[in-house]
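> In case you want the letters, here they are:
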Amino acid sequence: MPVMNMIQAINSAHDVMMDRDPNIVVMGEDVGYFGGVFRATEGLQKKYGRSRTFDTPITEGGIVGVAIGMAAYGLRPVAEIQFADYIYPGFDQIVSEAGRMRYRTAGEWFLPMVIRSPYGGGIFGGQTHSQSPEALFAHVAGIKTVIPSNPYDAKGLLIAAIEDNDPVIFFEPKRIYNGPFDGFYERPVTPWAKHPAAEVPEGYYTVPLGKAAIARAGNDVTILAYGTMVHVAIATAEAEGIDAEVIDLRTIVPVDIETIEASVKKTGRCVVFHEATRTGGFGAELSALVQERCFYHLESPVQRVTGFDTPYPHSLEWAYFPGPARLGLALKKALED
Amino acid sequence: MPVMNMIQAINSAHDVMMDRDPNIVVMGEDVGYFGGVFRATEGLQKKYGRSRTFDTPITEGGIVGVAIGMAAYGLRPVAEIQFADYIYPGFDQIVSEAGRMRYRTAGEWFLPMVIRSPYGGGIFGGQTHSQSPEALFAHVAGIKTVIPSNPYDAKGLLIAAIEDNDPVIFFEPKRIYNGPFDGFYERPVTPWAKHPAAEVPEGYYTVPLGKAAIARAGNDVTILAYGTMVHVAIATAEAEGIDAEVIDLRTIVPVDIETIEASVKKTGRCVVFHEATRTGGFGAELSALVQERCFYHLESPVQRVTGFDTPYPHSLEWAYFPGPARLGLALKKALED
Amino acid sequence: MKRQKERPNRPALALHVPEPDARPGDEVDFSHIEIPAAGSVMRPDVAVAPSEIRDLAYTLIRVLDDEGKAVGPWDPRLDPETLRRMLRDMMMVRVYDDRMYRAQRQGKTSFYMKCTGEEAVAVAAAHALDREDMCFPTYRQQGILVARDYPLTEMMCQVYSNAGDKLKGRQLPIMYSDREHGFFTISGNLGTQYPQAVGWGMASAIKGDSRIAAAWIGDGATAEGDFHNAVTFAAVYRAPVILNIVNNQWAISTFSGIAGAELTTFAARGVGYGIPGLRVDGNDPLAVYAATSWAADRARSNLGPTIIELFTYRVEGHSTSDDPSVYRPQNAGAKWPLGDPLERLKAHLLGLGEWDEERHAALLDQLGEEVRAAQKQAEKQGTLGNSPAQDIPSMFDDVFEELPWHLKEQREQAIAEAGAKK
Amino acid sequence: MKRQKERPNRPALALHVPEPDARPGDEVDFSHIEIPAAGSVMRPDVAVAPSEIRDLAYTLIRVLDDEGKAVGPWDPRLDPETLRRMLRDMMMVRVYDDRMYRAQRQGKTSFYMKCTGEEAVAVAAAHALDREDMCFPTYRQQGILVARDYPLTEMMCQVYSNAGDKLKGRQLPIMYSDREHGFFTISGNLGTQYPQAVGWGMASAIKGDSRIAAAWIGDGATAEGDFHNAVTFAAVYRAPVILNIVNNQWAISTFSGIAGAELTTFAARGVGYGIPGLRVDGNDPLAVYAATSWAADRARSNLGPTIIELFTYRVEGHSTSDDPSVYRPQNAGAKWPLGDPLERLKAHLLGLGEWDEERHAALLDQLGEEVRAAQKQAEKQGTLGNSPAQDIPSMFDDVFEELPWHLKEQREQAIAEAGAKK
Ligand SMILES: Cc1ncc(C[n+]2csc(CCOP(=O)(O)OP(=O)(O)O)c2C)c(N)n1
Ligand SMILES: Cc1ncc(C[n+]2csc(CCOP(=O)(O)OP(=O)(O)O)c2C)c(N)n1
Ligand SMILES: [Mg+2]
Ligand SMILES: [Mg+2]
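Residue numbers (the numbering used here), protein chains in the order written: chain C, 16 to 352; chain W, 16 to 352; chain G, 0 to 421; chain R, 0 to 421.
Hints are computed from structural coordinates only; laboratory data are not their basis. Just so it is clear, the structure is predicted and the values come from calculations on it, not from any experiment. A virtual CB, placed ideally from N, CA and C, is assigned to each residue, including glycine. Please note: incorrect hints may appear among the correct ones.
[To be verified] In silico DSSO-like links for lysine-lysine, alpha-carbon gap of 30 angstroms or less: (1) Lys407(R) / Lys226(W); (2) Lys226(C) / Lys407(G); (3) Lys407(R) / Lys347(C).
[Unchecked claim] Covered stretches of chain R, as calculated for chain G (at least 3 residues, CB under 8 angstroms): (4) 8-17; (5) 132-146; (6) 204-215; (7) 247-261.
Chain C extracted, bound-state conformation:
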C-alpha cells in the first residue's frame, strides 16, 4: 500500500473525490496554480481545470459566503482557509448561515461543504499561525467539526466530510503534516513513513464522522485527545509507564460518546487533553460529559490538560505547548488521587 504523509493523504482525498464527482470544487488563497502554502491541493488545478480549483481573493468571509452559495446551488465546495487563525472573518457566514441553513429552511436548502484549515501550534508560528479554535465551532449548532491525527484517517475523514450533506469544519494539525510529533521536541523528528497509519489506500474509502478510535488500549486512565495530542498522549503514557487508554476522538461534534463512556467506566479516571486555551475549550465539554455520565465510576476528578489561557507566544512555544511534562503530571495525579 502507498505510504503517505498527511499532506499527501489530504491531497489524495481531494483527487479521488474530484475524479468521482464533478460537483466538487476546491478553492482558497493560493490553492490554485501553486497548490496551497502547505501544498495540500497541488496538482488539482492542472488535472481538473481552473474552474474546479482556483485561487480566491484574500477574504475569508468571501470564501465562506461564496462557498455557501455554491453549495446552495448544488455543488460540493471544499474551501481552504490558509490558517485556522484566519477563519474569523468568515465566522459570521459559518455561524449565522452555514450552521443554520438547513434548519431555517426546514431542509429546503442544505450545504454540503467542507472548510479545511491547517491548525494548531508547535511550528514557531507565533500567535497567528498556531491557534486551535475548535471549541468555537463545537458550540454552534448545525456544524460538524473533524480533526484527524494521521494520514489514513485524514484521507478517510476528509472523504466522509466531502460526502456529508452538512457543513464540516476540518482542522488539520499542521505540526503533524510531515510526521507524528509526540511532544518531545528535543528529539529528532520521525517521518510518517515509520507509522502504520501512513499506509493509505490509493483510492476511495471513508472513515466515518462521529466515531472515535482507541489509539492505545489501556486500563488505568482514559485520555481523551485528538489531532497532535493523540501522539503526545501515547508517547507520554509510554514514557511514564502508565497503562493509559488513549481515545482519538477524530470528530468532536458529534462526539463519540459511547466510546468515551465505555472507556471511562472501565478505567475510572479521565484526563482531557487538547492544545487550545483551557477556559471554555472543548475539554470543558468533555469534562462535563464524562462527569455527567460516569459520575459514579470516577475515582478521581476529570482533569484538563490544555494550552494556557494566553495567546500563543512565539519564543515560549514549548512552555505553552501541552507536552509530555504537563500531561505526565496530570496522569500521575489522576492515578494518585
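Use these hints to put chains W, G and R with the ligands onto chain C, whose structure you have.
This is chains W, G and R with the ligands only, laid out in the frame that chain C set:
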C-alpha cells in the same frame, strides 16, 4: 432613591461616565439621534454632541475595528452591537485584535473599550434576535465578559466595564430590560419597579467585575446562573420549595471561583443554568471547574440546564427556553441522586 | 498625548458626522434631489467596456415621464399584458402588506415588514428575469414571490408560524424561502445573501448552466464587509449576477448619509471595482425592468456582474417595531418627488388606453378578495401564540441531516419536560 | 437542476478565472503596462471636489523621469539634505533586510520578510508625514521605522525574540511595534489595521488634535471586509487618514488579478466611495512623497481621507517560507519597468550634483557597518531557539492589566511543569 428599569440604568451609566470623562464616546447602529432600538443611549447625543454619540454604518466589523483604533488613541469607546446575534462580523476584530492587543505589544497598547449588546431570547425574536453567544467570548484570552441581571448591577457593572483598561463584552439580557422575567411566561409581566434592585443611585458607583452575588441563599443545591436565568432560578426554587442557593455570576470571565467553590462545598450539589446552547456552552466550563475543585464534596453529578443544541426557533420559543420546568426536573434529580 | 495647542502650525481637526436635512418638526424638502428628465440617459450595448459608462452611476435612468409616457432608449417596450400584470402584482403586494401589518397589530404574529413605495424594485425586476434565475432577496422583496405566483396562503402561513408554515415555525415572520420559485431563504443577518448569490452564480458558470443570480441589499447594509466580499468575487470571476442596491434612503432610524451617500451614489461602488453601476429610478417600474434586462443580458453573455442602485424611498416605518415620526418628519414619504410606482404604472397604462379606472377599482376589489380568502385559509391553520403549531420533537429536526445522539437525548428531555409542564 | 441543454435560447455560462501573463518557463513581459510620462499628470488643489479628479485613479503620478530629473507639478522640490536622507534610509532598509534574511537562513530566527523594491512606499511616505502622525503598517513597511530613527538593535531583538525584545518574544519576527515612533503594532491578520487607523484618525478629530493617521495594506489584502469597513467609515466621517494600497502585484503566489486588478486600478476603489484615489509610481520616491503630502494636507484641512495606490513590484519572495520561482518567471522583478527606487533616487541626486559614486560606496559601507554593529549588539541578547530568553512566568503577563486567578493558577502550573522537566 430613583427607580430604574435596566434600560434606564444602562442609559444612566453612559450619562454619568460621559459627564465625568471626555474621552468616552458612544457609537453604534441607530444609537445617535434615535437613541438605539432599545433606547439605551437616548438623550446622549443631544447632551454630549454628535462627535461623542453617533450613528455608525451597518458593519459590526467596522464598528469594532474603529473602536479599537479609538481606544488605541486613548479614547474609551462604548460601542453598541444592535443584537448579540449580529456580533459575528466583528468577531475577527474582537478575537484577533482586541483580545490580543495588550499581549502582543507587551502592554505598549491596550484597549479600554466596551462592546454592549442586547442578548438572549424570550421575546419571540426568532433565531437572529435571541442568541446567547457568551461562550464564544469566554474562550478567547484577553477579553472579559459581563452579563448583568438587574438594573443596579447593570449600571454598576457597566461603569466598571467602562473604567476597565481591557476590552469588555457586556451582554444585556433583553428579556429583562423592562422587568425581571422569571420564566413563567403565562403569568403577567412584573415591572422592575417592584424589585429591590431597581433602586439605582443617580450618580457614580461601581459593581466590581469578577465578583458574583448570592442572589438567593440556600443549603441544598447550588444553581450557577447569570442574566435572565437568575430570576428563573429563584422563581423555580420557590415554586418547587427547594432550598437552593442561586449564584448570580455577573462576570463569566474572570469568573468568581471563590464564591462558586464555597457554595458548592456547602451544598454538595450543583446545577449549571444558562440559555445558550448546551454543547460547548459556558456551562461546560462551569461544570468542569466545579468538578475539578469540589469533586470530593459532590453528592450528585453536576448537571447542566441549558437551551438545546438547535438554533432558537420562533414558534417553539417556550419549548426551547430553559424555564422552570426544565430546571425543576434537574433540581429534583440533583437532590434525589 | 500631544494636542493641538502644542502644534500651532497645525489646524485643529474636527469630526464630521452626517445629519439629514430634516428631523421631526422640520419641513421635509426634497428640492435638492437632482432628477434628470425621463429618457435622457443613453443606453449602451451590453458589451460596452464598463470604463466607458461610468456616467451611468451618477445619473438616474428613467423611462416614465411626468405624464406617464414611456420615453427614451431604456423603454423596454413591454406589451400591455405584461404591464397590467406588473401593475396587478404591485397592487397585490400593497394589499397583502396592509393586511399582514394589520394582522400583526391584531396580535396574530410577532412582527411584520412592509415595502410600501418600493414594490417596483422587486416586481419589475422579477418580470425582467427568467423564472429559473435565482433571487437572493432581503426582507423587502416579497414582490418577487407575488410576481412568481407563489401562493399567498403559503406566505401567510410563514408569517403566522402556523401548522401550514413549511419552515416549521422556525423563522421570524416574512423570512420566506422557496426554492421552486427561485427565492432564496431570507436571512436575518444583513448582507450575507450577497456573496452567497455570487457563489450561486459562479456555480452556475462552473456547470455551464444558463441561469443567473440576482441579489438585493439595502443602502444601509452595503456597509457590511459582505458587500465588498460579494462585489470583489463577482468582479474577479465575472460572475453572472445582478447586484441590486435598494437605496430607500433609510436604515431603521439612520439616513443614507451614514452609509456613505453624502459623497457619491451607491451605483458608484460599481465604478470602484470596474464593473458597470447603473443608477435607476426605483419608483419607475419600466426603468427597473429595463435596467434589470440589460444587466441580465450582460450576465448571460459571460460579461459579468452589474450593480444597480434603485433610488427609492422607504415610505413607512422600518417594521412593526418602528415609529419613523421619532426621527424624521411625518409623512416624508408622501412628498417623495419620484412618486408612487403603482400610480406611475397606472398612469402609463391609462395613457396607453390599456386601462381604466373601473378596471382598476375592480382589480383592487378582486385583490382584496383574494387576500381575504388566502388569509382565511391561512388562519384555519393557526396564528402565532403561546401554543405553537409545531410539535416539540420537530424542534430537533434539520439541525443536521441525521439526528446525532445528543439531539436525540435532548429531544427526549424536551418531551419529558413538556409532560412535566402539564 | 435545469441545465443548459433544456434552454436552447440561453447561452452556456463559463467561469472566468484570471491568470497572470507569465508562469515559470514563460518570458516575463511587462510591455502592456501603461506608463504615462513623468510630470504629465495635473496636481489639483487639495480642496478640489473628489468628483473632479477621478482621472487621477487611472493614471500614474510620476515625478522622476527616465534620466532621474524631477519634473511636473507633483515635484515636491525637496532640499538635497532630505533627498540624501531618503536615499540613506532606503539603502539602510535594503542592507538590513539582507542581513536579517541571512540570519533567518542561519537558523537564528523562525521567519523573515523583505521589502526589496518597495522601500520607497514606506520611507518616502514617512518623510512626508509628521513624526507625530500615527502609521498603521503591514509587515512590509519596516522603512517607516528606519526613517524615524528607531534603533536597529531594537528591530533585531524583536526579530530574534531575544532578551532585548520589548515585545517579550510574543510576536512573530518583524511584527514590530513602537508607540513612541508612531508605528502601530503590526498584526498577523491581514487588513485589520485599516479600520483601526480610521478609528485612530476619528479619535484625533473628536479630540480636536492635529495628528493624522496613515495606513498601508497590500493589494491582496484589499479584498478583506476590513478594507471596505475602513473606507466606509473614513468616507462617512471624513476621517483624517491616508489609506495606502501597496500594489506590489503579488499576494504570496497569487497575482493581483485575483484581487480585482484585471478590471480596474486599486486607486479606483476610492472613486467608488467618492473620495480621491491617487495612483502613484511606488518606485518613484518623489512621487510617493508628493502624493503623501497632498493627502496629508487634505486630511489636516478636515477634507477627509485619500486612497493612494502605490504601484510597485514585489521583487523577491513573499517571505523566507516562499519560493516565487514555483509560480512566476524567475527574476521577474529585475525586469520591472519602473525600476528600483534606490537607483532612481540615486540617479536624481547624481543629476543634481548632490551625490557621487564615492559617497555612495562609502555610505553603503557605513550602513553595512552600522547593521553589523547593531546585529552584534542584538545577538549579545540572544537569538531564537529552544531555550527562550523570556522566563515562563512572563508568559502570563499582559493578557489583562491584572492577572486574574485562573492565570495565576496556570502560572503556578507552568512553573511546576518546568521544574518537572528538569
Ligand atoms: C448584521 C446585521 N446587523 C444589524 C441588523 C439589524 N437591522 C435590521 S434591518 C436594519 C436596517 C437595514 O437598512 P437597509 O439595509 O437600508 O434596508 P431597509 O430596511 O431600508 O430595506 C438593521 C440595522 C441586522 N439584521 N443584521
Ligand atoms: C486574514 C488573513 N488571511 C490570510 C493570511 C495569510 N497571508 C499572509 S500574507 C498574505 C498575502 C498578502 O498579500 P498582499 O496583501 O498583497 O501583501 P504583500 O505580501 O504583497 O505585501 C496572505 C494570504 C493572513 N495573514 N491573514
Ligand atoms: Mg434602506
Ligand atoms: Mg501584494
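> Each hint should be assessed against the structure and marked as holding or not.
Evaluated hints:
1. Lys407(R) / Lys226(W): 17 angstroms, holds
2. Lys226(C) / Lys407(G): 17 angstroms, holds
3. Lys407(R) / Lys347(C): This hinted pair holds, its Cα atoms lying about 22 angstroms apart.
4. 8-17: holds (count 9)
5. 132-146: Check failed, 0 qualifying residues.
6. 204-215: holds (count 8)
7. 247-261: Our answer is that it holds, as 5 residues pass the Cβ test (under 8 angstroms) against chain G, meeting three.
Violation of the numbered hints given earlier is confined to hint 5; every other hint is satisfied by the structure.
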